[in-house]
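Note that the protein sequences, when read in sequence, are chains A and B. Residue numbers for the first sequence follow this note's numbering, beginning at 1 and rising by one. Residue numbers for the second sequence follow this note's numbering, beginning at 1 and rising by one.
Warning: the hint list may mix true and false statements.
One copy or two, either will do: identical chains are not told apart, so a pair holds if it fits within one copy or between any two.
As the list claims (entries may be wrong) - Below, a list of computed lysine-lysine pairs in the BS3-like style, where the Cα atoms sit at most 25 Å apart:
(1) Lys369 / Lys353
(2) Lys547 / Lys467
(3) Lys219 / Lys100
(4) Lys219 / Lys434
(5) Lys179 / Lys265
Derived from the structure by calculation, the hints contain no laboratory data.
There are 2 protein chains.
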Amino acid sequence: MAAAVVANGKKKLEQIGPKIGVISGPTNPMVTPLLTDLYQFTVAYAYWKDGKHNERAVFDLYFRKNPFGGEYTIFAGLEECIKFIAHYKLTEDEIAFIRKSLPPSCEDAFYNYLRGIDCSDVEIFSIPEGSVVFPKVPLMRIEGSIAVVQLLETALVNLINYASLVTTNAARHRFVAGKSKLLLEFGLRRAQGPDGGVSASKYCYMGGFDATSNVAAGKLFGIPLRGTHSHAFVSSFMSLDEITERSLKHLDSPKVCKDFVCPVKMWLTKLKRSRLLGGIFSETNQSELAAFASYGLAFPGSFLALVDTYDVMRSGVPNFCAVALALNDLGYRAVGIRLDSGDLAYQSCEARKFFQTIEKEFGVLGFGKMNITASNDLNEETLDALKKQGHEVDSFGIGTHLVTCYAQPALGVVFKLVEINNQPRIKLSEDVTKVSIPCKKRCFRLYGKEGYPLVDIMTGENEPPPKVGERILCRHPFTESKRAYVVPQRVEELFKCFWPGSSDKIREDLPPLKDIRERCIEQLEQMRPDHMRRLNPTPYKVSVSAKLYDFIHFLWLNEAPVGELQ
Amino acid sequence: MAAAVVANGKKKLEQIGPKIGVISGPTNPMVTPLLTDLYQFTVAYAYWKDGKHNERAVFDLYFRKNPFGGEYTIFAGLEECIKFIAHYKLTEDEIAFIRKSLPPSCEDAFYNYLRGIDCSDVEIFSIPEGSVVFPKVPLMRIEGSIAVVQLLETALVNLINYASLVTTNAARHRFVAGKSKLLLEFGLRRAQGPDGGVSASKYCYMGGFDATSNVAAGKLFGIPLRGTHSHAFVSSFMSLDEITERSLKHLDSPKVCKDFVCPVKMWLTKLKRSRLLGGIFSETNQSELAAFASYGLAFPGSFLALVDTYDVMRSGVPNFCAVALALNDLGYRAVGIRLDSGDLAYQSCEARKFFQTIEKEFGVLGFGKMNITASNDLNEETLDALKKQGHEVDSFGIGTHLVTCYAQPALGVVFKLVEINNQPRIKLSEDVTKVSIPCKKRCFRLYGKEGYPLVDIMTGENEPPPKVGERILCRHPFTESKRAYVVPQRVEELFKCFWPGSSDKIREDLPPLKDIRERCIEQLEQMRPDHMRRLNPTPYKVSVSAKLYDFIHFLWLNEAPVGELQ
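All chains, full assembly: derive it from the sequences and hints.
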């Protein structure tokens, strides 16, 4: 990407070339080194001016509170971060703009310094994408020259924040809907901008959705695509006369039905006269019937109709069945219906009864199992309410609430300095939950006898790691009284090296989206059920080692001013 | 863009070339014809298969409810829509992907049809961007071949939805903050994805913000940039010894201060010993002092410090003042401080007193007027609460709540068919507020004697327009009893032609962002104050002509099935 156009950056990028491997640039070409806050450049200048810019610093990227009132979060966005890092290079044009944006008193040599910057000396350890994660435990640990790492901050936080939020939201929707339902993401039109839409599709799939309506996301990420037709399609028809191309070949024979509208009309009459179905409807809407017949002609093998344009049970469902039964006569199986308004639980049950009656009365095997998709402003609460009421919906199409994370549209991911020149640093705050945990750290997940994760523990980089079968004291980072001994049955080191910088560590491959999705689903299944409850879930424990605890509090006292009451 | 690579689309695009004029492609390269729902392509196929694809259709793009509990909305996103339209052209690669995504039974000739599609025959009338708009009144009227217009739907809705929402949110923040405050958008890191961030910056500026921290947005749109430094910058310092480059030239003379740290220390001692300031603080944090001194050395002409890393009044403000006063001795004026936590009202008042005391005691003219910026999870409510408490903040930096539209993260923009082949169409719903208003329409804003807009009225395309001084009946579109006579003092036609298609109408130019921003500010000022209140605002009236009213209800009765109570 940038490398191709920046002549003087070429050499260095070539050096890190082998490390990039096949890492392509960010999915969104707008993710450039300028996707950052101005103060990252002013601070870089101040570091540079003071000769401090190359001091080695360690930053933690983490969040402080699980979203949506839950007790877990899914970590997502790592791949995009690594793509950004791998191609980080300021172009001349970008440098010219930075120069224009800083005071004219800034020295020229600084821009030469910017010209030379890339991420060949940055080291990123991270929890793998698609993992279940918890507050305060760093998702990523970024180490490098302080000026360079700060220049990365805003983009990294941006790329992780929404990605993790919407993946978590998708996972929560999946949890409520249950494993057996098909979940479709329909949010593009309501998303916060074009790439809000595209990344929502990616991360909802990661979080457990089955498909998206978003064609661009299908192409970019290989996500299965789904879609039916719109209300406008239905209301664009006036009558059956508009159907000009009416012939349809039998599926399994060379026979051709010359006027498909005939069997459709015939079936509608049959349904109307049926003893069991009679009375449910009288005259159906003819524009709707025309639209369905036309759609059936276009997609005989995958006929799915939106049935709520006029009236679900008095028009949409009978019209759909007439077309589906006519298709059935030609050997085709209709897929089903979509409900997009009204009482979805009730309508789905009524539609199911209608389908089952047809199966019985006309002996159409499998007709009762017709797919019912529901959409219309669905969210966790309505999915939950539907489940409690009882319904016959097989697939849910979810849009606005899912992709905009309506229940909580932002995750507070932060990026804090924890060490510089091997000196641990702490960020204090009057609000204890905002105090940062200092030191370059390692993080472990300890598993109990039943195979569930019990607690995450952070230790200093050079402490001996927790060992299977060995008792270890896990302390709450800030509250003295909260601590527990744990004898782990399994110890998982959470960080893996995703960008080795100038070190000779092995870089973890970026797995394909499907694998990340599977990881996510597996990790969620592994959790103890009480952490996953929608209401009053049990908080998962996050801790520090005894040594790190002591160190935090030593540093804290050291930095905090002593008050004077007056 | 696309035009350059699609050989067989070239000719047609050349024909519409003069109409594109200088319209560049979408800001985000991800805005392509694939940024749409799959069903737009399935529906296009069904239209095409039935020979219906070229039927002339009219769609309205509108929303049903103002966001944030308010009674107004700002329309934004038009420019991006026109850029999308102007360059609409499917590439071979995109067509190949669509072919892969549709059933194999779809006929080949359809893809040839897709190959030939562009927007040379689409006509777009729209309210100008930056206008105050209201529910139900179409923001855009899109006319063209039904298949083509439907293919545009999802992208247009996506581009308008968030743009209008966040512009409205920005305007509401401006309204609460008042005209005199400087409003800075700081949301990039918490936005919903990279272009959530970039477009938030654009539209917050449009809605009345003064600047952004987002460098990419500064470059793309020419928005003024602002920024200070981070907490990490402060905590990266340990002591004053780290400042290696200490010399600073006087602003207006060739004299050089060889060790800037000396006057800083001297001033800190002076402040500590001051009779009036004494007791407020004792020992300040020395790492913070070092960070400020270093930042002052880097930016002597624009020194602004974040003062809450350790303790605002016992460390941050005195340290800032020591550096600011040392700079002052060399002829430089510091800009001010930023508060990012705690009780902003109280802290700003305390800081202001401190500055004013310094101005008096040490005779530093203007020091009392030092700029105070506040940030930290601000939103409409906190701005309002701050105003009620009384504060001394001059600028607000607003992020998360602003850019994610936390109070309501989605606007329900819809896109409805209102006419096909000159036949008006209506979309019914059990929920009356969801019934669409049929017919190709014109829309007018009627102004009263005092210059305020009184009511918006929609009429059929061919009705005589409302006239100044002539009484006209304005009817609520759905409620029979709600109607009023109006004698307008001014009549403004709301739609202008922004994309003339194959007609010879004149295309409105796309104004520069600054002009749209001014339009927005002017339009807001023009509104009657009771519509703008935060609490219980008066709804602005939206109406239809008597003729259109009768027609809606005729069509409604015609389409709705008659129920049977059982």
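- Item | Earlier hints that do not hold, by number | 4, 5
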